[in-house]
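J.: Once you've looked at the hints, dock chain Z against the given chain E.
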Amino acid sequence: MRIHEHDVIVVGAGGAGLRAAIAAHEEGADVAMVTKLHPVRSHTGAAEGGINAALRDGDDWELHAYDTMKGSDYLGDAPVIETLAQDAPEEVIQLEHWGMPFSREDDGRVSQRPFGGLSFPRTTYAGAETGHHLLHTMYEQVVKRGIKVYDEFYVSRLAVTDHDDPEDRECHGCVAYDIKSGDVVGFRATGGVILATGGDGQVFDHTTNAVANTGDGPAMAYRVGVPAEDMEFVQFHPTTLPSTGVLISEGVRGEGGILYNSKGERFMFEYGYANNAGELASRDVVSRAELTEVNNGRGINDEYVYLDMRHLGDERIYDRLENIIHLAEDFEGVNPVEEPMPVKPGQHYHMGGIETDENGETCISGLYAAGECACASVHGSNRLGGNALPELIVFGARAGHHAAGRDLGEAKVQTGPSAETEAEENLDTPVEPGAIDAANEDVAADGALVEPEEVVEYAVEAERHRIEDLLAHDGTNHAEIREDLQKAMTENVNVFREKEGLKKALEVIRECRERYQDVGVSDPSRTYNTDLIHTIETRNLIDIAETITLGALAREEFRGAHWRREHQERRDDEWLKHTMIAWNDGSPRLYYKPVILEGENKTYEPKIRSY
Amino acid sequence: MSTQIQEQETETETETEQTSEHQTRRLAEKRERADMRERAEADLSDADEIVRLKIFRYDPEVEGKKDPRFDTFEVPFGKGMTVLDALIYARDHFDSSLTFRHSCRQAICGSDALFVNGRQQLGCKTQLSDLEWPVRIEPLPHAEVVKDLVVDMEHFYDQMEAVEPYFQTNELPKGELEEQRQTRENREKVKMSTRCIWCSACMSSCNIAAGDNKYLGPAAINKAYRFAMDEREGEDMKEHRLNIIEQEHGVWRCQTQFSCTVVCPKDIPLTEHIQELKREAVKSNLKFW
Numbered sequence: 001m002r003i004h005e006h007d008v009i010v011v012g013a014g015g016a017g018l019r020a021a022i023a024a025h026e027e028g029a030d031v032a033m034v035t036k037l038h039p040v041r042s043h044t045g046a047a048e049g050g051i052n053a054a055l056r057d058g059d060d061w062e063l064h065a066y067d068t069m070k071g072s073d074y075l076g077d078a079p080v081i082e083t084l085a086q087d088a089p090e091e092v093i094q095l096e097h098w099g100m101p102f103s104r105e106d107d108g109r110v111s112q113r114p115f116g117g118l119s120f121p122r123t124t125y126a127g128a129e130t131g132h133h134l135l136h137t138m139y140e141q142v143v144k145r146g147i148k149v150y151d152e153f154y155v156s157r158l159a160v161t162d163h164d165d166p167e168d169r170e171c172h173g174c175v176a177y178d179i180k181s182g183d184v185v186g187f188r189a190t191g192g193v194i195l196a197t198g199g200d201g202q203v204f205d206h207t208t209n210a211v212a213n214t215g216d217g218p219a220m221a222y223r224v225g226v227p228a229e230d231m232e233f234v235q236f237h238p239t240t241l242p243s244t245g246v247l248i249s250e251g252v253r254g255e256g257g258i259l260y261n262s263k264g265e266r267f268m269f270e271y272g273y274a275n276n277a278g279e280l281a282s283r284d285v286v287s288r289a290e291l292t293e294v295n296n297g298r299g300i301n302d303e304y305v306y307l308d309m310r311h312l313g314d315e316r317i318y319d320r321l322e323n324i325i326h327l328a329e330d331f332e333g334v335n336p337v338e339e340p341m342p343v344k345p346g347q348h349y350h351m352g353g354i355e356t357d358e359n360g361e362t363c364i365s366g367l368y369a370a371g372e373c374a375c376a377s378v379h380g381s382n383r384l385g386g387n388a389l390p391e392l393i394v395f396g397a398r399a400g401h402h403a404a405g406r407d408l409g410e411a412k413v414q415t416g417p418s419a420e421t422e423a424e425e426n427l428d429t430p431v432e433p434g435a436i437d438a439a440n441e442d443v444a445a446d447g448a449l450v451e452p453e454e455v456v457e458y459a460v461e462a463e464r465h466r467i468e469d470l471l472a473h474d475g476t477n478h479a480e481i482r483e484d485l486q487k488a489m490t491e492n493v494n495v496f497r498e499k500e501g502l503k504k505a506l507e508v509i510r511e512c513r514e515r516y517q518d519v520g521v522s523d524p525s526r527t528y529n530t531d532l533i534h535t536i537e538t539r540n541l542i543d544i545a546e547t548i549t550l551g552a553l554a555r556e557e558f559r560g561a562h563w564r565r566e567h568q569e570r571r572d573d574e575w576l577k578h579t580m581i582a583w584n585d586g587s588p589r590l591y592y593k594p595v596i597l598e599g600e601n602k603t604y605e606p607k608i609r610s611y
Numbered sequence: 001m002s003t004q005i006q007e008q009e010t011e012t013e014t015e016t017e018q019t020s021e022h023q024t025r026r027l028a029e030k031r032e033r034a035d036m037r038e039r040a041e042a043d044l045s046d047a048d049e050i051v052r053l054k055i056f057r058y059d060p061e062v063e064g065k066k067d068p069r070f071d072t073f074e075v076p077f078g079k080g081m082t083v084l085d086a087l088i089y090a091r092d093h094f095d096s097s098l099t100f101r102h103s104c105r106q107a108i109c110g111s112d113a114l115f116v117n118g119r120q121q122l123g124c125k126t127q128l129s130d131l132e133w134p135v136r137i138e139p140l141p142h143a144e145v146v147k148d149l150v151v152d153m154e155h156f157y158d159q160m161e162a163v164e165p166y167f168q169t170n171e172l173p174k175g176e177l178e179e180q181r182q183t184r185e186n187r188e189k190v191k192m193s194t195r196c197i198w199c200s201a202c203m204s205s206c207n208i209a210a211g212d213n214k215y216l217g218p219a220a221i222n223k224a225y226r227f228a229m230d231e232r233e234g235e236d237m238k239e240h241r242l243n244i245i246e247q248e249h250g251v252w253r254c255q256t257q258f259s260c261t262v263v264c265p266k267d268i269p270l271t272e273h274i275q276e277l278k279r280e281a282v283k284s285n286l287k288f289w
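Protein sequences appear in the order of chains E and Z.
Mind the numbering: the first sequence is residues 1 to 611 in our numbering, read in order.
Mind the numbering: the second sequence is residues 1 to 289 in our numbering, read in order.
Hint data in this document are derived by calculation from the structure and do not stem from the laboratory.
Where hints are given, some of them may not hold.
[To be verified] Here are the computed distance ranges between Cβ atoms for each label pair:
(1) Z/78 to E/168: 49 to 55 Å
(2) E/483 to Z/72: 55 to 61 Å
(3) E/426 to Z/71: 50 to 56 Å
(4) E/418 to Z/71: 55 to 61 Å
(5) E/418 to Z/62: 47 to 53 Å
(6) E/406 to Z/54: 53 to 59 Å
(7) E/181 to Z/181: 54 to 60 Å
(8) E/587 to Z/74: 44 to 50 Å
(9) Z/71 to E/181: 43 to 49 Å
(10) Z/208 to E/310: 44 to 50 Å
[Claimed, not checked] Heads up, simulated DSS-like pairs for lysine-lysine below, C-alpha to C-alpha not over 30 Å straight-line:
(11) Z/79 to E/263
(12) Z/214 to Z/189
(13) Z/238 to E/148
(14) Z/283 to Z/214
(15) Z/214 to E/148
(16) E/180 to E/144
(17) Z/214 to Z/191
(18) E/144 to Z/214
(19) E/602 to E/577
(20) E/180 to Z/66
(21) E/180 to Z/65
(22) Z/189 to Z/283
(23) Z/283 to E/144
(24) E/487 to E/504
(25) E/144 to Z/174
(26) Z/79 to E/144
(27) Z/79 to Z/54
(28) E/499 to E/607
(29) E/144 to Z/238
Just so you know, even glycine gets a beta-carbon here, dropped at the ideal spot from N, CA and C.
Excised from the complex, chain Z in its bound form:
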């Protein structure tokens, strides 16, 4: 089953934005959130020190949970508390069967992408004070729910593997302990793309992926970008990679709605990367005409 609660992204097609703008936007967002947080904290009276969570519950084999429902938990709020902290509190104090993936608590393992108040975000990286209360927590849309907030990630992993997500080259330096050379500029070029933590927030936010199960999706295409743009692989391999992402369910399905870019917790300019691969593919095809 799937929750299929579709929150339409209001962003429509826009021109490709620049990384620097992206950076600026993130910092502006930070300031905005800081202001909001200040207001929220000022508003807190003693009675408000409890945050109410409305959490999606489902278990395919437990009576009473076979039909999806929302449970409400009231968790004492403290400064600095994240969505993940609140989930852990609710589990350890109220209901040990409350199930969600999490591990590192610092936005690097990519386990706890959730649908929080209608937006894909990492539970560990989302401050409760930045959210409207009560906080509604659901599993990622467009994925099969295994139990409570846990979704089946197999489809996401399959798409990642479909793009040959590994470095390939035929020419390694022969000398002992000799590395391949790579310019700083080229390393910088692929840097953002290498930050992906496979959380699948992007895939979940993408309308195209929701309608086309074969679409590679933003994360897999970004992975392809990471290698296609890496000068160490050489031109032949780049050609090969462009062929992969140019297939029917590849880059051309993207309609530049930017929803993936908006939700990416690592600030990867996903849409931009997809657009660039489209351009590269066109250039590469022109060569043979």
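Next up, chain E with everything else stripped away, as it sits in the complex:
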């Protein structure tokens, strides 16, 4: 049995994972990264916009915190939001000191630009490829420090003790499948395991997320007892290309791009979706308008609408939007100088995720999470543009420091089932959610193994059995299950949500779970078996889809990215609380914990989110 031992294990090597690894290394820890993609392949690289940080005179962290709280529609936790705003400037300057090629002002200082929902132009950027530069700059620092990277190692199980109360459980490591050799390998972490696995957009059939974004971290954490938080909050972007989900930047509409339906009508005005802002209304408003047009028979091919920028003229297009021409041509086969671009809403970002405190720690000792897979919560019900990248570096760094032993003070955010203030008693689900059998398979064993080495060895054995079963079994191809799951999610848990549709989705998810009982991997090879990897991922997608849908069914209000046909108001009297879902050893249980609106110097009073 191969077992590698390190002080800190970081799972995933995008922005949050890289920053966490560097931070743990700064503390003197022996740190290793275990990642299913080589670090530079991570989806952080696709981020375009920038990094919000209060760097300049006239701006300060309290303004950044206020904007973020308002953008979150008062569902973010003040201590976490304030931590983000306070730490972001130092982290951005740190990136500059590591050589990140930021765009520059005439005086040689880093540039900042205005972004939606911000009261000060504080979005620090590096061209239109800020994420790419952030990712590569931090990977360079990992190389410089000689941090060990196990790349193309797919972590598929956590090594956690099986105490009854998740808050008593301890994480001692994880298990990974070596993609190139087919070996099942144990990783023992004496300090902690940090999950930084990124998004889970593959739950939907149309997303800007990478194919690798399958929610592995959230699904694994959920199944060992860490509650999933605010899972119903999913951000959809209104202008993505229909065949691939590639994002067409808001810049096109910013420059004057117009949205048309199949009748050639400028529907944002024609049908009164946004009589003032028109095409420049907020992401959720434009996304819903587009789908309404399609649903009313005014879409093209019953699928998309047109985004037209031809009237801007060749000169302006080539000058300011040249990259859009390449994107539309390369990924959709359309030349936007001569014809309008087809666009439709696509899943873009998940606000919800693994419940953590502001130090990145979960309720299970030794288990951390940071970045998009985590929910601390910074973004509440809606993320502002430019706030994803600072989250990666701020909370990646904190999780890394903490796991390596630095004292960051007591967290203000309470985690774990003990933080519950209210149970959800009346959720009307058409089918039982949760595991079909082997309810508690993901924690160590019956009889509470507690010796760390034994916990890891047990997990390796359990995972080896699971993989051998999958390889030996000639059953349903996971791709069929995944496709049906994704379609059901896009049809029913998209920008429009209503009770009946959500219940329908839960039924399909249940069917997918049942079919998955018979899943099999037809590629018999031990070498680079992506069939096996995708099959394991699909199980994670099922669990994540279920939590999103349960949360969406429970939350009977309209807040941020979550819209319900039957409930068109934000209801602060009842819903200033986080939706929590505990796996509960296979029988998911919903409960709530309050939002923290008390900040360091003030209490945030909920106001109407208008701009």
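T.: Here is chain Z on its own, set in the frame of chain E:
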């Protein structure tokens, strides 16, 4: 094993071209492709709505795949479909063991550089309508094949690491929250070099790299260029970096065939960067004479 199917680049030595020309050329290429696409679409009758893919298959441990072969897949064609889309379709509908790397689908993760109809390109960024059919898809030449279209990237990563691919300086500003200053011109100077996505298309296309396993290769040299030309590192560090790329298997091995520049999916003027480093190295050596 390696496919070693060498497609000779016909381009021979030319003078260093300018970035603006490069830009113009790319746009001209785009127009040309648009025309070609129009013709292709006009030609499509119903029966042609199927695209045939001839895909390289190999698995070192599976009977019947130990000897490399080509499999043919017939995939329904739709407007906007890329090589990657077709591969995914073939895998998900016909053969789940068909293996290739891919992730972002938008030419930023650099996972899916392939040898398509005899040229290195990203599968996700290549429209089927721009290609001659049937489409022949192979792993990158000059790299060990792991399985099907997956090649071993270790050698490429080793070369990248050999050039100390990280920012180094001894003089950081002392003030709180104070950044290093960099002129816009200098940022512009390194801009194209920072766009590399480590796809290794350049390395695969390079005849010199094919014959000299120790040659740093275009991507690694470009990485060195990115730091050597960054004014924030200072003159001493630039000297140090020039020493690295001037070694026996460094810049002087480049014979300016431009094949790397031609295949780079991010339009980085790689050959130009290598040439500039040669000039810098000469200048720097002259200083000590």
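J.: Decide, hint by hint, whether the structure agrees.
T.: We went through each hint and held it up to the structure:
1. Residue 78 of chain Z and residue 168 of chain E have their C-beta atoms about 54 Å apart, which keeps the hinted 49 to 55 Å range intact.
2. Between residue 483 of chain E and residue 72 of chain Z, the C-beta spacing of about 24 Å breaks the proposed range 55 to 61 Å.
3. For residue 426 of chain E and residue 71 of chain Z, the hinted distance range of 50 to 56 Å is satisfied, since their beta carbons lie about 55 Å from each other.
4. Distance hint check: the CB atoms of residue 418 of chain E and residue 71 of chain Z are about 56 Å apart, consistent with the given range 55 to 61 Å.
5. Between residue 418 of chain E and residue 62 of chain Z the CB atoms are about 51 Å apart, so this pair conforms to the stated range of 47 to 53 Å.
6. A beta carbon spacing of about 56 Å between residue 406 of chain E and residue 54 of chain Z agrees with the range 53 to 59 Å that was offered as a hint.
7. Checked against the hint of 54 to 60 Å, the pair residue 181 of chain E and residue 181 of chain Z fails, with Cβ atoms roughly 48 Å apart.
8. At roughly 47 Å, the beta-carbon separation of residue 587 of chain E and residue 74 of chain Z lies within the given 44 to 50 Å, and the hint holds.
9. The hint said 43 to 49 Å for the Cβ distance between residue 71 of chain Z and residue 181 of chain E, and at roughly 25 Å that hint is violated.
10. Checked against the hint of 44 to 50 Å, the C-beta distance between residue 208 of chain Z and residue 310 of chain E comes to roughly 45 Å, which is consistent with it.
11. Taking the CA atoms of residue 79 of chain Z and residue 263 of chain E, the gap is about 22 Å. The hint holds against a cut of 30 Å.
12. Between residue 214 of chain Z and residue 189 of chain Z the CA atoms are separated by roughly 28 Å; this keeps the pair inside 30 Å, and the hint holds.
13. Straight-line distance between C-alpha atoms of residue 238 of chain Z and residue 148 of chain E comes to about 28 Å, which keeps the hinted pair within the 30 Å bound.
14. Proposed proximity of residue 283 of chain Z and residue 214 of chain Z is supported: the alpha carbons are some 25 Å apart, at most 30 Å.
15. Restraint check for residue 214 of chain Z and residue 148 of chain E: satisfied, since their Cα atoms lie roughly 24 Å apart, inside the 30 Å limit.
16. Taken as a hint, the residue 180 of chain E and residue 144 of chain E pair is honoured in the structure, with Cα atoms around 25 Å apart against an allowance of 30 Å.
17. Annotation: proposed proximity of residue 214 of chain Z to residue 191 of chain Z holds, straight-line Cα distance about 27 Å (limit 30 Å).
18. Proposed proximity of residue 144 of chain E and residue 214 of chain Z is supported: the alpha carbons are some 21 Å apart, at most 30 Å.
19. For the suggested pair residue 602 of chain E and residue 577 of chain E, the alpha carbons sit about 19 Å apart, so the restraint of at most 30 Å is met.
20. Distance hint between residue 180 of chain E and residue 66 of chain Z is fulfilled; the C-alpha atoms sit about 16 Å from each other, no more than 30 Å.
21. The suggested pairing of residue 180 of chain E with residue 65 of chain Z holds, with an alpha-carbon distance near 17 Å, which does not exceed 30 Å.
22. About 19 Å separates the Cα atoms of residue 189 of chain Z and residue 283 of chain Z, which keeps this hinted pair within 30 Å; it holds.
23. Taken as a hint, the residue 283 of chain Z and residue 144 of chain E pair is honoured in the structure, with Cα atoms around 29 Å apart against an allowance of 30 Å.
24. Proposed proximity of residue 487 of chain E and residue 504 of chain E is supported: the alpha carbons are some 12 Å apart, at most 30 Å.
25. A threshold of 30 Å between alpha carbons decides the hint, and for residue 144 of chain E with residue 174 of chain Z the separation of about 22 Å falls inside it, so the pair holds.
26. Note on residue 79 of chain Z and residue 144 of chain E: the hinted pairing is violated, with a Cα-Cα distance of about 45 Å set against a maximum of 30 Å.
27. Distance restraint check for residue 79 of chain Z and residue 54 of chain Z: the Cα-Cα separation of roughly 20 Å lies within the 30 Å cut-off, and the hinted pair is therefore satisfied.
28. This hinted pair checks out: residue 499 of chain E and residue 607 of chain E have alpha carbons roughly 27 Å apart, not beyond 30 Å.
29. Between residue 144 of chain E and residue 238 of chain Z the CA atoms are separated by roughly 17 Å; this keeps the pair inside 30 Å, and the hint holds.
Consistency note: the structure conflicts with the earlier hints numbered 2, 7, 9, 26.
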